[in-house]
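J.: Spelled out, the chains give:
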Amino acid sequence: MKDVKVLGPGCKRCIAAAEMVQAEADRLGVPVTIEKVTDYAAIAGYGIASTPGVVIDGKVVHAGGLPKPEDLAKWLGA
Amino acid sequence: MTLGSVTERAPGAGPSTAKWVAGTMAALLLWGLVYSQLVPFSEWVVSLAHIDPTSQLGEALSFFIYDTPKVLMLLTLVVFGMGVVRSFFSPEKTRALLAGKREGGGNVLAAGLGILTPFCSCSAVPMFIGFVSAGVPLGVTFSFLISAPMVNEVALGLLFGLVGWKVALTYLGFGLFVAIAAGWVIGRLHLENWLEEWVRNIRASAAELPPENVTVIDRIKAGIEAVREIVGKVWPWIIAGIAIGALIHGYVPSDLLASVMGQGAWWSVPAAVLIGIPMYSNAAGIIPVVQALLAKGAALGTVLAFMMSVIALSLPEMIILRKVLSPRLIAVFVGVVGTGILAVGFLFNALFN
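Quick note, the sequences are listed as chains A and B, same order.
In terms of numbering that gives the first Met the number 0, the first sequence opens at residue 0 and continues consecutively.
In terms of numbering that gives the first Met the number 0, the second sequence opens at residue 0 and continues consecutively.
Next up, chain B with everything else stripped away, as it sits in the complex:
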């Protein structure tokens, strides 16, 4: 679908473009073929090991052998797709869309663009300053900064692959809600004076960039580059996460987890948020664990709150943001986002009782 629309828009698509598109189609087809054979493959491997598939070890092993390639393949597909989609967006274009927007609508737009705009935490500071100095309201900037790392393709792709599309969509919806609401609240508080002083003094007009000629081949390359960079970086985390998940699957008794993280334990939501703040893992490492916790009877709201807290409120990100935000503003940021996540967790446990 994405590729089709790209092809139509391309001016002067030559034979080399056709080759790239055909190659991409062939790769997608091969992907589908391999993916459809994963279940027989994992059953075959487990049968080779001569372990009773219903034993604890057998369950842990088949979970690990089936889920590892499955998750890596789904992740590769989603990251590739997002890489192509993101080649249509840039922080500069997003900033132009958001500059001078009013709060409210601006927060909604910023949270949505946070998903689509290429973002890496290494450029969070230049982006923050670039947004604020060019007239994007502070609260709207925060909506973007909360949504961009939290609602990302790795989180959505893994949730979709491991837990199902309903939970993935729920995460998307609540992630956007937290980003919109927290950004709006921060905007209402009028904390512009709590920025570091040198940030307040920068008044730069947005640079006018020459138009870049992005071809279909460039977009496909952007997808491949995203896979190389993201999947290349997170695969050890995923395997570690799945290994932990496999242990939980095979060995942790359901009763224990249900009593600690189940719906009956109201305090587990704030506990999950608090534990999640100092923890830093990308979505890749945390989601296989999330899946195993859910399978063992942990409540969905508690688990999602834990996951959002780990991803959205991380210590490294705060250290980066400390360069532009005063400690007071960081405290407000953590407080507001944490409260939002808490509300989502409680609401969710109440709704899906």
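The following block holds chain A by itself, in its conformation from the complex:
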């Protein structure tokens, strides 16, 4: 089970990023739990400066803009 956190205050892109993660996980058949982190202090605690951010199993893998599907596949597969 991969633990995925999508960091973002609830903007359109943050929601889109969470949907992308879910779609990619479904395609790969990787079980995931997706949590949306919207609290500014919590987001800042991950040390990013732009949203949406993606955290997989506690490691920040992406910040700012939508991630690329092929990158998501790589992160989820590893």
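Treat the hints as calculated values from the structure; they're not laboratory data.
Treat each hint with caution, since some may be false.
The list that follows gives simulated cross-link-like pairs (lysine-lysine, DSBU-like), each with its CA atoms no further than 30 Å apart [stated by the list, open to error]:
1) B/Lys100 / A/Lys11
2) B/Lys322 / A/Lys35
3) B/Lys220 / A/Lys11
4) B/Lys18 / A/Lys67
5) A/Lys73 / B/Lys18
6) A/Lys67 / B/Lys232
7) A/Lys73 / A/Lys58
8) A/Lys73 / B/Lys322
9) B/Lys322 / A/Lys58
10) B/Lys220 / A/Lys73
11) B/Lys92 / A/Lys35
12) B/Lys220 / A/Lys58
13) A/Lys58 / B/Lys18
14) B/Lys295 / A/Lys11
15) B/Lys220 / A/Lys35
Partner residues aside, some chain A positions facing chain B, computed with beta carbon under 10 Å [said to hold, decoys possible]:
16) Leu27
17) Tyr45
18) Ala48
We put the beta carbon where it would ideally sit given N, CA and C, even for glycine.
Got chain A sorted already, so can you dock chain B onto it with the hints?
T.: This is chain B only, laid out in the frame that chain A set:
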């Protein structure tokens, strides 16, 4: 020029990359062809309407019909170019460059990076906290936060298209000056204690992101995405702005405007700044109006001060920043930036008398 340098840097550029680059070149060529035909096109449309081109209605109409496609096309080009350039920058990289920088040089660097780094007001708060908590000095952070929304590609592209490159460069220069000076002053005041308490308590080390493999195709796509997002959002504003500008062109008497916003009226600069603060429009809606005001004899410094005030000091942005800044700090921010804009307006009216 941009595309050429991108191509050289790309590792393992394949045939699909060549296709994208060729497609971009073809699109740019088509753009140039259409752009060169705009004047005959607008004259043809006005002639169809059987209106005397020298009448008030005729002047307003030809201004509207010529300027709307012209401005939209120029904006598309500039936004595309900036979208590609910005794919080389990210807030995280900018933060790494600014962290621990001294004030002064740091303010200059921050204001410059504010133009190049992708920025949207929705991520202003995470960015602000991310910068401050990772050791970017408060004043340097403010230089970035003032420059990023004020000196943007929409403002520069529209000024360039409607008023000319001299005014666009002037706006760029004075925008940077206000961002540098205001950030420096805020840094000198040592207002770190006026941040909201929870912001002061965050001590996060900057996240180490895995390197992202950004290809030439990704950069071209970033340009297209920027056009879709920005031009897709601001085009109604531009058309509304040009319509108002057209009315001013055709109907507002020059004498009236020159007496209210001309160089003789010293009080018009502070008035323009004050009126601009509660107004919120992106650069897109305001610049066509700016152009019409200038054509009718309003002083350049007054008009630029108005425009900067509308763009840089907006109520929605303050409401967003209120989450991290105390009301006192917001008041200082508005006061310092407003004073800077005021100085620019006066200086400009005095210099270009």
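J.: Work down the list of hints and note, for each, if the structure agrees.
T.: These are the hints, each one checked on the structure:
{"no.": "1", "hint": "B/Lys100 / A/Lys11", "result": "33 Å, violated"}
{"no.": "2", "hint": "B/Lys322 / A/Lys35", "result": "20 Å, holds"}
{"no.": "3", "hint": "B/Lys220 / A/Lys11", "result": "19 Å, holds"}
{"no.": "4", "hint": "B/Lys18 / A/Lys67", "result": "20 Å, holds"}
{"no.": "5", "hint": "A/Lys73 / B/Lys18", "result": "26 Å, holds"}
{"no.": "6", "hint": "A/Lys67 / B/Lys232", "result": "23 Å, holds"}
{"no.": "7", "hint": "A/Lys73 / A/Lys58", "result": "14 Å, holds"}
{"no.": "8", "hint": "A/Lys73 / B/Lys322", "result": "36 Å, violated"}
{"no.": "9", "hint": "B/Lys322 / A/Lys58", "result": "27 Å, holds"}
{"no.": "10", "hint": "B/Lys220 / A/Lys73", "result": "21 Å, holds"}
{"no.": "11", "hint": "B/Lys92 / A/Lys35", "result": "24 Å, holds"}
{"no.": "12", "hint": "B/Lys220 / A/Lys58", "result": "27 Å, holds"}
{"no.": "13", "hint": "A/Lys58 / B/Lys18", "result": "36 Å, violated"}
{"no.": "14", "hint": "B/Lys295 / A/Lys11", "result": "41 Å, violated"}
{"no.": "15", "hint": "B/Lys220 / A/Lys35", "result": "27 Å, holds"}
{"no.": "16", "hint": "Leu27", "result": "18 Å, violated"}
{"no.": "17", "hint": "Tyr45", "result": "6 Å, holds"}
{"no.": "18", "hint": "Ala48", "result": "3 Å, holds"}
Checked against the numbered hints given earlier, the structure breaks hints 1, 8, 13, 14 and 16 and satisfies all the rest.
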